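Engineer: Spelled out from the first residue to the last, the chains are:
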Amino acid sequence: MKQTFTLFFFLVFNFSFGQIVSDFETLNIEPDSFLNGSDGSGGFTNGNLFFPNDYNDAWGSWSGWAMSNSTDVTDPEFTNQYSSIVGAGAMQSSNYAVSFVSGESILKIDDTTKGDSILGMYITNGTYPYLVIRDGNQFSKKFGGVTGDDPDYFLLTIKKYLDGNLSTDSVDFYLADYRFADNSEDYIIDDWTFVDLSSLGKVDSLSFTMASTDVGQFGINTPTYFCADNITTSEIIQVSNSNLQAQLNVEIFPNPTSDFLFIKNLENQNNMEISIYNMLGQEFQNNTITNYSNSINVQNLPKGTYLIKVQDGEKQHSQLFVKQ
Amino acid sequence: MSIPTCCWGQADTMLRVPEIEIIAPRVRTQVVGGTTNTWNANDLAAISANNVGELLQKDGGVFIKSYGMGSLATSSIRGGNASQTLVMWNGFPIQSPMLGLLDLSLLPLGGTEEISLQKGGNGSMWGSGAIGGIISLDSKNDFSNKFSMGLKTEMGSFGFVGQQYQMSVGNRKFQSVTKVFHQSAKNNFNYQPAPTLPDVQQTNAEYSRQHILQDFYWKINPDLQLGFHFWKQWSHQQIPPTIVQNSSLAEQKDPSTRATFEIKNTFSKGLVQGKLGFFEESNIFIDGQTYNNKFTNQFGELEFQWNFNSNHKVVIGSMYSLTEAESEGYVENPVENRSAFFASYLFQQNKWKIKTSLRQAAVNGRSVPLIPNLGIDFNAFSFLKLQFKAGKNYRLPTLNDRFWTPGGNIDLLPESGWNQELGIQTQFNLEGIQNKFQITGFNRKIDNWIMWANVDGSFFWSAVNVEKVWSRGLEVFTSFLYQKNKMQIQWDVRGNYILSTTEFDLERPRMSKGTQLFYTPKVQASTTLILSWKNFHASYDHSFTSYARGVNEGVDGYLIGNASLRYSFKNKISHNHIFFRVNNIWDTNYFVIERRPMPGIYYQAGINFNFYKKSKSQK
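Chains A and B, in that order, give the protein sequences. The opening residue of the first sequence carries number 1 in my numbering; numbering runs sequentially from there. The opening residue of the second sequence carries number 1 in my numbering; numbering runs sequentially from there.
In case anyone wonders, no lab produced these hints; they're calculated from the structure. Accuracy of the hints is not assured; some may be wrong.
As the list claims (entries may be wrong) - So the derived label-pair ranges between C-beta atoms look like this:
#	chain 1	residue 1	chain 2	residue 2	range
1	A	58	B	384	35 to 45 Å
2	B	544	A	303	14 to 24 Å
3	A	322	B	455	47 to 57 Å
4	A	38	B	180	45 to 55 Å
5	B	180	A	181	57 to 67 Å
6	A	303	B	333	54 to 64 Å
7	A	181	B	410	47 to 57 Å
8	B	406	A	174	44 to 54 Å
Because the structure is a prediction, the values reported are computed rather than measured. By construction, the Cβ of each residue, glycine as well, lies at the ideal position given by its N, Cα and C atoms.
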């Protein structure tokens, strides 16, 4: 098992973040193969995450999570259920996870980091569902239907469990979307795409469900698989103030917010430099404000958890806020 | 177009009707309390159909669930599903024990000398599966034949080619009948996938089928007779894409070998008959991967009939079958043995005919419920006949239901339930117009209905017993016949109204109490007009099938018209037909199964030669 542990990318802050990335690269399997729980383990662990699966030994069937390094991007049959349409993991890595969602797939954070945030993950289609969506098969329709105008979609919905309760907030990710008036805009995800989950905040586990417009009396006709990789968990690390710069005494509100953040400097009237970062450490905004324009517009920020840093000369203040 | 022989005799007779056996008619095959449609060799030679599925749809009032021209075709009789129709060849079931069904498009017309359709169950006589009805294909001997030869060739739209050869040689002691069939089509018809779109051509829809059938009959003495029947089938068909599928490369092969042997000894008070059967069949599905499923069935049956006198007759018998199957879907290849004892009593006197039957079956040593049946015919007047039938019927789970991985359920119970039917038949002659009328009402409730469902949040589908399915309906048939000089006009009208509803709620598949079963239209109606003048026969039939629930979308009702013209000519040694058919004459764009297109208008033409030489004593 490999853990990629990115530490202290905000060392200057009065609390900082570590990241644990589950990228499955140290899970040792043969080339072009998979682990689907047939070993009776009930799942596998990578990073600080546990990927449960349900394997029926008598019938050789499974649901939940499998780990794979299959590379087949052409076979549209069920037997190719463990391949990603990219033919590799995210960032051209070898290994990745595949989930067969039968009702719901669950991803659990281990006990030591339970309550942390899952910042996001890379997601793409499996080869099997991708080709079925594109071409149809004997049981499933090609999206768009005979005219190409059917407003079809294949949707992955991610919710969180915290303290045993399922949230109402969710992150929707369309693995295929044919609802556009202009059919040329219709798409099926065919590359690894980062899905930001920071808006879910602290979690104990994640719930994955799938929906499709190709649904009959027997349920969803579209094969309910998706692939995931580089699942990044944020670990909040308290850092001693003694090693840091002097603290700036400011108030930042409201939190959460959907449009503006107000910053009240309680010490002086100087200009302040404001920087906003996402949980991967990427800077999203950089502004300078005065006491007379002490608000910043965050309407254009994607929903999620951010860190705001306020710098006034030698002093600074940083804190998390949630953009709704 | 022929009509049920229970109603009219054929106006146009041919030589290939076997001579009637007057020795001890079998009680077991007599249907009392219900109706049977029977097509003999003459009918089959003249009918406008390419296979048994089309025959039953056009002429039997049976809903055929067709996946497209030349594709899988299964029957739904009285609201039952395909596995609730028992299909027999010379007395033994030929359905796949793995799937429980048979593709009726694989059965050639003329493969046997007689085809019969019995609606309503008769499980006490014939065993598992005879819930909705029974389709029987029976070879018939003709010891008056000396030599006969038949040749039928036809061709039609979409590359359709059909050939049929038959040769019969024999004498009063021995007969040999050889038949060879070939049928193929490119099946590349055009269809309109949506009203706003141009036509597209069907692809990957070719099929090719060949059959060789050989019958031997040996009359050792007037009382003792042997029969041997052999049937070899090759079938290769491509599986076309649905209308919401870009393309398909799937194909399927269905080779089979079937053989039966029978010995029958008649005596003054009855008969003894023993039969053996061996069937071997493969189903090879290729779509990237190759899936090979195979089974063998071995049968043995012994039947004894004792005629106390002309009023009282008794039959007792037993059967045994051994089934072995191979498939990657099985963890261990299943072996299933079935046995049964059956008995029947027939009372016949004046206006009454009563038949009671009883069957006790066992599967791998486990008994299934006792199956009784009662049938009554009452000829109240010369023009009025009343019929009543009641009984219990059952269907054993298929091998896939029990052993398939995942989802097979070895603890499945057999489907079983009671059915009742009441029929009235009248016959009048009104100023030269003969009329026959028949109306039948039926009621059937089946417990432990077997279906594949997603239960208890499981991530795979499992075979389960669900509570009950209630089927009931009304079947009406009337026919008018007018004959004058060399002209004959016949008009038939047929209608079925069938409710077949679930008595339970289920989440997946989505079913709620009181809803009609999938692919079971409530209304089917058809009318046929046949005009015959001298040697010309013209017919037109028009049928209506109502809306049916599909598993993805509903299937709209449709109206289909077909027309045919036939010219017959004969002399002392031959009897021949030339025919021309126009199918779907109004070019209706329709579906029987959603997403599976059916062809628009298409044509077929052919010629049928029959040469014969009878034994002298029969000329």
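Engineer: Now, for every hint given, state plainly whether the structure supports it.
Structural biologist: Okay, the hints, checked on the actual structure:
1. Judged by the Cβ atoms, the range 35 to 45 Å given for residue 58 of chain A and residue 384 of chain B is violated: they are separated by roughly 60 Å.
2. Distance hint check for residue 544 of chain B and residue 303 of chain A: the Cβ-Cβ separation is about 56 Å, which falls outside the suggested range of 14 to 24 Å.
3. Taken as a hint, the range 47 to 57 Å is violated for the pair residue 322 of chain A and residue 455 of chain B, whose Cβ atoms sit roughly 41 Å apart.
4. Between residue 38 of chain A and residue 180 of chain B the beta carbon distance is about 50 Å. The supplied range of 45 to 55 Å therefore holds.
5. Hint check: residue 180 of chain B to residue 181 of chain A, Cβ distance near 59 Å, so the stated range 57 to 67 Å holds.
6. Between residue 303 of chain A and residue 333 of chain B the beta carbons are some 56 Å apart, a value that agrees with the proposed interval 54 to 64 Å.
7. Taking 47 to 57 Å as the suggested C-beta distance range, the pair residue 181 of chain A and residue 410 of chain B conforms, at roughly 53 Å.
8. A beta carbon spacing of about 30 Å between residue 406 of chain B and residue 174 of chain A contradicts the range 44 to 54 Å that was offered as a hint.
When the structure is compared with the earlier hints, violations turn up for hints 1, 2, 3 and 8 and for no others.
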